[in-house]
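Student: Here's the letter readout for the chains.
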Amino acid sequence: MSPVSTANSRLVYDALKASGVRLMSALPETWLVHLIRMAEEDPEMTLVRLAKEEEGVGISAGAHLAGVRSAMLMQNHGFLASINGIVSCAQLYRIPLLMMVSFRGEFGERDPWQTEGGGVTEDLLRALRIPFSYLDSPGHVAHRIAKAETLALSANKPVALLLCRDLMWEEA
Amino acid sequence: MTRVEALRAIYPRLEDLVVVTIMGAVAAELQGIGHRPNFFYLQHAMGLASSMGLGIALARPERQVVVFDGDGSVLMNLGGLTTLARYRPRNLVHVVFDNESLLSVGGFPTATSTGSDLAGIAAAAGVPRTARATTMDDFTRAFDEALAAHDLTTIVAKVDAVGPSKFVTDLSLLENRFEFQRYLTRR
Numbered sequence: 637m638s639p640v641s642t643a644n645s646r647l648v649y650d651a652l653k654a655s656g657v658r659l660m661s662a663l664p665e666t667w668l669v670h671l672i673r674m675a676e677e678d679p680e681m682t683l684v685r686l687a688k689e690e691e692g693v694g695i696s697a698g699a700h701l702a703g704v705r706s707a708m709l710m711q712n713h714g715f716l717a718s719i720n721g722i723v724s725c726a727q728l729y730r731i732p733l734l735m736m737v738s739f740r741g742e743f744g745e746r747d748p749w750q751t752e753g754g755g756v757t758e759d760l761l762r763a764l765r766i767p768f769s770y771l772d773s774p775g776h777v778a779h780r781i782a783k784a785e786t787l788a789l790s791a792n793k794p795v796a797l798l799l800c801r802d803l804m805w806e807e808a
Numbered sequence: 027m028t029r030v031e032a033l034r035a036i037y038p039r040l041e042d043l044v045v046v047t048i049m050g051a052v053a054a055e056l057q058g059i060g061h062r063p064n065f066f067y068l069q070h071a072m073g074l075a076s077s078m079g080l081g082i083a084l085a086r087p088e089r090q091v092v093v094f095d096g097d098g099s100v101l102m103n104l105g106g107l108t109t110l111a112r113y114r115p116r117n118l119v120h121v122v123f124d125n126e127s128l129l130s131v132g133g134f135p136t137a138t139s140t141g142s143d144l145a146g147i148a149a150a151a152g153v154p155r156t157a158r159a160t161t162m163d164d165f166t167r168a169f170d171e172a173l174a175a176h177d178l179t180t181i182v183a184k185v186d187a188v189g190p191s192k193f194v195t196d197l198s199l200l201e202n203r204f205e206f207q208r209y210l211t212r213r
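The listed protein sequences correspond, in order, to chains A and B.
Position in the first sequence (first residue = 1) + 636 = the numbering used here.
Position in the second sequence (first residue = 1) + 26 = the numbering used here.
One or more hints might be untrue.
[To be verified] On the chain B side, residues computed to face chain A include the following (Cβ under 7 Å):
#, residue
1, Asn64
2, Gly81
3, Ala85
[Stated by the list, open to error] Here are the simulated distance ranges between beta carbons:
#, chain 1, residue 1, chain 2, residue 2, range
4, A, Thr751, B, Ala174, 50 to 58 Å
5, A, Arg746, B, Ser198, 48 to 56 Å
6, B, Thr161, A, Thr642, 35 to 43 Å
7, B, Gly146, A, Glu680, 51 to 59 Å
8, A, Pro774, B, Thr166, 25 to 33 Å
9, B, Gly146, A, Gly656, 36 to 44 Å
These are computed hints drawn from the structure, not numbers from a lab.
Glycine included, each C-beta is placed from N, C-alpha and C at the ideal position.
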């Protein structure tokens, strides 16, 4: 059994659906497995599996201009890989993006290869002036996702929610 | 064949299509022929025009989408060809103008100048229909066949490495973006 939380993944997925998301782009990462399966099994959701996360910026931009709300599921290293697209497509053209970023490499991380990316994620979000918040407890998942989507659409800009270990990982 | 001649030849077909172009020469030349509200010019983010086309095509399957791409841009997002092929939007025609160079930044040669074959790469990525065009007749025929086929098609058009004298036009990026969104969501 994977210690990734199915119940909390379901909370996140249902909140994305409730905020109107009908298209998700994704690149697999351990913490996202349940979210991706939920999208795959949902006939109302279009799931686009990517080769690299930056493609998702273009796909979300196209979907937005065509009237469909979307979310991007990615690891923080995928966020790092998407930065040019975020700046020169989404920010340049005032495109709302809802970026759901698994925040690997924070306190509790056991995989040495995740630790460098974890250390720069928040500073990079600040440097890019991307509003962000944390999903680290089930109680605030639904309203933080709804509020993030509201701000993305009113400001016409990318926003990020960091999926934290305390929410996504059940191992002690 | 020059790119502007190729664009001019198919321009009448674009009236009711949803068009996304890359930056630089393609955008400037299409605007020079005549801007329309159904044209969006991605003036940066090289590589992502085809991804935007995919997003639009998936969101609006009833609309025919055309992406005007370039060799330099496609080379920056080769993985995107596998994503296009995977979802196979039947309403997307992907035109790659291949002038074998990065014309707008000094004309330095790209890898297509030393034999990398973008139509072959697209076919190997799984794009169901691909075509190569070196003459205007080839190009216009391939474009019309792609529209008639109702299937994902990548057309690689070999064009001369020539372009407009300037790339900045009087259409602001945000004006284009909101006009295009309004066009797409009103019908």
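Student: Should the interface hint for Gly81 of chain B be scored as holding, given a Cβ-Cβ cut-off of 7 Å against chain A?
Tutor: holds, 3 Å
Student: Against the range 25 to 33 Å, how does the distance between the Cβ atoms of Pro774 of chain A and Thr166 of chain B compare: consistent or not?
Tutor: At roughly 58 Å between Cβ atoms, Thr166 of chain B and Pro774 of chain A fall outside 25 to 33 Å, so the hint is violated.
Student: In this structure, is the beta-carbon distance linking Arg746 of chain A and Ser198 of chain B contained in 48 to 56 Å?
Tutor: At 50 Å between Cβs, range holds.
Student: Can you let me know if the beta-carbon spacing of Thr161 of chain B and Thr642 of chain A is within 35 to 43 Å?
Tutor: Violated, since Thr161 of chain B and Thr642 of chain A (Cβ atoms, about 58 Å apart) do not stay within the stated range.
Student: Given a hint of 51 to 59 Å, does the C-beta separation of Gly146 of chain B and Glu680 of chain A actually sit inside it?
Tutor: Since the Cβ atoms of Gly146 of chain B and Glu680 of chain A sit about 38 Å apart, the hinted range of 51 to 59 Å is violated.
Student: Could you say whether the range 36 to 44 Å given as a hint is met by the Cβ separation of Gly146 of chain B and Gly656 of chain A?
Tutor: holds, 41 Å
Student: Using the nearest Cβ pair, does Asn64 of chain B come within less than 7 Å of chain A?
Tutor: violated, 11 Å
Student: At a threshold of 7 Å, is the proposed contact between Ala85 of chain B and chain A supported by beta-carbon distances?
Tutor: holds, 4 Å
Student: Is it true that the C-beta distance of Thr751 of chain A to Ala174 of chain B lies inside 50 to 58 Å, as the hint says?
Tutor: holds, 54 Å
Of the numbered hints listed earlier, those contradicted by the structure are 1, 6, 7 and 8.
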